[in-house]
Amino acid sequence: MTDSTAQCDVLVVGGGNAALCAAITARRAGASVLILETATKDFRGGNSRHTRDIRYMHRAATEFVTHAYGEEEFWQDLLGVTGGATDERLARLTIRESETLADWMAGNGVRWQKPLRGTLHLARSNLFMLGGGKAMINAYYHIAAQSGVEIRYETEVQELEIAGSEFVSALAARNGECERIRSKAIVLAAGGFEANIPWLKEYWGEAAENFIIRGTPNNQGRMLKELLRHGVKPVGDPRGCHAVALDARAPKFDGGIVTRLDSVPFGIVVNREGKRFYDEGEDFWPKRYAIWGKLIAEQPQQIAYSIIDSKALPHFMPSVFPPVEAASIPELATALAIEPRALGAVVDEFNRSVNGGGRFNPGALDDCRTRALEPPKSHWARPIEAPPFYGYPLRAGITFTYLGVTVDERAQVIMGDERPAKNIFAAGEMMAGNILGKGYLAGFGLTIGSVFGRIAGREAARCAGF
Amino acid sequence: MTICNACRYCEGYCAVFPAMEQRRVFTKADLTYLANLCFDCRDCYYACQYAPPHEFGVNIPKLMSELRADTYREFTWPTILSGLFKHNAVAVTVITVASIILILALVLLFQGANVLFATHLGEATFYRVVPFAAMTVVPSLIALYGFAIFIISAVRFWRETGGTPLEMLDSAAFWRATKDAFGLAYMKGGGAGCNYPAESFSSTRMWCHHLVFYGFLLDFASTTIAAFYDHFLGWQAPYPYFSAPVVLGAVGGIGLMIGTVGLLYLKSQSDRTPADASMLKMDVAFLVLLFLTSFTGLVLLAFRETSAMGTLLVIHLGLVAGLFITAPYGKFAHVVYRYAALVRYAIEQRRI
Chain Y
13 MTDSTAQCDV
23 LVVGGGNAAL
33 CAAITARRAG
43 ASVLILETAT
53 KDFRGGNSRH
63 TRDIRYMHRA
73 ATEFVTHAYG
83 EEEFWQDLLG
93 VTGGATDERL
103 ARLTIRESET
113 LADWMAGNGV
123 RWQKPLRGTL
133 HLARSNLFML
143 GGGKAMINAY
153 YHIAAQSGVE
163 IRYETEVQEL
173 EIAGSEFVSA
183 LAARNGECER
193 IRSKAIVLAA
203 GGFEANIPWL
213 KEYWGEAAEN
223 FIIRGTPNNQ
233 GRMLKELLRH
243 GVKPVGDPRG
253 CHAVALDARA
263 PKFDGGIVTR
273 LDSVPFGIVV
283 NREGKRFYDE
293 GEDFWPKRYA
303 IWGKLIAEQP
313 QQIAYSIIDS
323 KALPHFMPSV
333 FPPVEAASIP
343 ELATALAIEP
353 RALGAVVDEF
363 NRSVNGGGRF
373 NPGALDDCRT
383 RALEPPKSHW
393 ARPIEAPPFY
403 GYPLRAGITF
413 TYLGVTVDER
423 AQVIMGDERP
433 AKNIFAAGEM
443 MAGNILGKGY
453 LAGFGLTIGS
463 VFGRIAGREA
473 ARCAGF
Chain A
4 MTICNACRYC
14 EGYCAVFPAM
24 EQRRVFTKAD
34 LTYLANLCFD
44 CRDCYYACQY
54 APPHEFGVNI
64 PKLMSELRAD
74 TYREFTWPTI
84 LSGLFKHNAV
94 AVTVITVASI
104 ILILALVLLF
114 QGANVLFATH
124 LGEATFYRVV
134 PFAAMTVVPS
144 LIALYGFAIF
154 IISAVRFWRE
164 TGGTPLEMLD
174 SAAFWRATKD
184 AFGLAYMKGG
194 GAGCNYPAES
204 FSSTRMWCHH
214 LVFYGFLLDF
224 ASTTIAAFYD
234 HFLGWQAPYP
244 YFSAPVVLGA
254 VGGIGLMIGT
264 VGLLYLKSQS
274 DRTPADASML
284 KMDVAFLVLL
294 FLTSFTGLVL
304 LAFRETSAMG
314 TLLVIHLGLV
324 AGLFITAPYG
334 KFAHVVYRYA
344 ALVRYAIEQR
354 RI
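Residue numbers (our numbering), protein chains in the order written: chain Y, 13 to 478; chain A, 4 to 355.
This is chain Y alone, in the form it adopts within the complex (with noise of 0.2 Å):
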């Protein structure tokens, strides 16, 4: 180990979003900052590669937004999701903040887009990044350079030198060298722990063998366990994580978007018994499917199907990879190896119990339901009898994880006595749950990381006497 004198007035530990917010805020101030991303130039960013908008704070539409947005309606939409597991003085200030978000951004180089055709939902409360996520970390990085941040990637931070509440030096490491780096002041925007797969399964036990994870592998929580380590007070669910329903055969890591599935309302989802476990036409997707994730992690070998019938498949936007495509249903089941004849009976008597009473709408909570059937289907319910009959396997796909570390409004680390650390600052993923504690809003995950990473850049430069 060689004990350089590598020193900055402000390190970032990570590349995302948040990180680079911070960083770009703290060298604008005058702060020297250095940058540590784990992972390898084509790779960096994190789970921000993989975003594609934002949830702002607008007081009237723009080209790329249809109505306003306000204060009130951001803070109920949350209370809704969280129900109430949220630090309302963070949240609020978060809200507020995200307002001159739009400029911020458009100021370093992101460009908005008119929202993607099939998220209509959003086009309201969400701006788009042109190119996605990774266009805006490129554009986050390019304006970093330029500004004179210094960026090092494939470097790690092995562990954190903290005395009492004072940050005193990072162990990095890059290809088997390490090195250890002083500041006066440390952005910690690190990321949640959802890709350490031994540290899910002390909550969720095997069945973690099979979680897909959504976003990248470098998430090993490491520097969360190293501020749990040192005695900063935690918050959030440990064993909380955002799970949704992703195709099987996604990759293990870095899948992003693509392997969602958005099938499971225009069919019925079975497990690998043939039996059906919950009503898969509750409400609409985009407010169900993260619970998904969840009711498929505790199957058996955590693994469902979704069963659909070719009027279904218009009615969903494709995803990356073909379904299984059988002439009839005792066929599908073999293909997709659950047993013929339960699977056969499932549907059969799903079927019989569609009561042909409303009309099949898929923009509308149709009420076209299930009579007498446990569990229920309350929309969209329509006999599956046309054949090709098709089938997608399903497995949790975990997006992020809850537990994060706490923080006041200056993105300043509380230690375990509820005082604040002296110069430790977090932002992002790793202090989300103070403000979102469960559930998710779309976009919400980039606008907690950009407002607190620029107050985390903010403070942290100011800590550094800036």
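For the record, the hints were derived by calculation from the structure and aren't laboratory data. By construction, the Cβ of each residue, glycine as well, lies at the ideal position given by its N, Cα and C atoms. Incorrect hints may have been included.
[To be verified] In the DSS-like style, the derived pairs of lysine-lysine whose C-alpha atoms are separated by at most 25 Å in a straight line are:
| hint | chain 1 | residue 1 | chain 2 | residue 2 |
| --- | --- | --- | --- | --- |
| 1 | Y | Lys126 | Y | Lys299 |
| 2 | Y | Lys434 | Y | Lys237 |
| 3 | Y | Lys306 | Y | Lys287 |
| 4 | A | Lys191 | Y | Lys126 |
| 5 | Y | Lys287 | Y | Lys323 |
| 6 | A | Lys270 | Y | Lys53 |
| 7 | Y | Lys126 | A | Lys182 |
| 8 | A | Lys270 | A | Lys89 |
| 9 | A | Lys191 | A | Lys270 |
[What the hints assert, rightly or not] Distance windows between CB atoms, simulated:
| hint | chain 1 | residue 1 | chain 2 | residue 2 | range |
| --- | --- | --- | --- | --- | --- |
| 10 | Y | Asn367 | A | Ser203 | 54 to 62 Å |
| 11 | Y | Arg136 | A | Ser271 | 46 to 54 Å |
| 12 | A | Thr276 | Y | Asn187 | 18 to 26 Å |
| 13 | A | Arg275 | Y | Gly95 | 47 to 55 Å |
| 14 | A | Phe177 | Y | Glu75 | 26 to 34 Å |
| 15 | Y | Leu91 | A | Met171 | 54 to 62 Å |
| 16 | A | Val291 | Y | Glu75 | 40 to 48 Å |
| 17 | Y | Gly428 | A | Arg275 | 50 to 58 Å |
| 18 | Y | Arg261 | A | Ala224 | 54 to 62 Å |
| 19 | A | Ser206 | Y | Asn187 | 33 to 41 Å |
On the provided structure of chain Y, position chain A as indicated by the hints.
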């Protein structure tokens, strides 16, 4: 492209993605159409979360370039000459050099060395080296041939991509396509510029292309006006320095030179990962030839009253001949397919 269709983050960059989303399965004809809608701005490549080294290895610009190269080969006429696309740089060089030698040989044979190396002053000096009939009839034939090939190619492309003859008369679609083409709308990448030559955004490529395109048009206008002077007014070249053909030709030539050098420089710097090697060679051959043609044209203008005029004229005419003979079998062809694809896009987007 199934991946693109499930992702859609790039929808705002250009026409390719909205057109892609109209389809769930992609036939060969669809791919041909989409490939020719692509302006190779590469914004989607650098923005792509699935670009190599990701295991999905999405590389749309490279795929599209390869498919375009296929288009050029497949829809040309006669099919037997499609091989010229394959070894395009060699073919262009050989044909051009052969043209120069042929013209030189003819001049020496029929006019004699004295004419070639003499200093000519006064009127109609060019025709003393290359007779009027040879200098007008032969290029007209070559131009007509090229034009005919392009019409054939365009009709083949149109039919293959599912267009009806009636749609070829859609003036609104033509108007929109013309606006898009003349403004290079899709080299703007939704306002950001191209990721060209590499990762950061720039509009240099678009401006260079504008210089080449409008330079070419000016030179074309210059030639047309000269032909008009000659045939209808009886004024014979060379024209005075401040006459319309000379001014337009010189401005166009300078534009072409700056534009082609700019594009060649960008290509030399460009990232090879999103590129197709055979298309790159085709681009370079075309650009070099355009550059040499405009360069010798300007040199000819400068030295037209010296003894070098004869030689320069022969070289310039040889290059022009090479340019137009190879036009249907080289990068020039992109004009036809790109434009046809834009018309198709205009029609298709109006339907939804």
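Check: Against which earlier hints does the structure fall short, listed by number upward?
Finding: none
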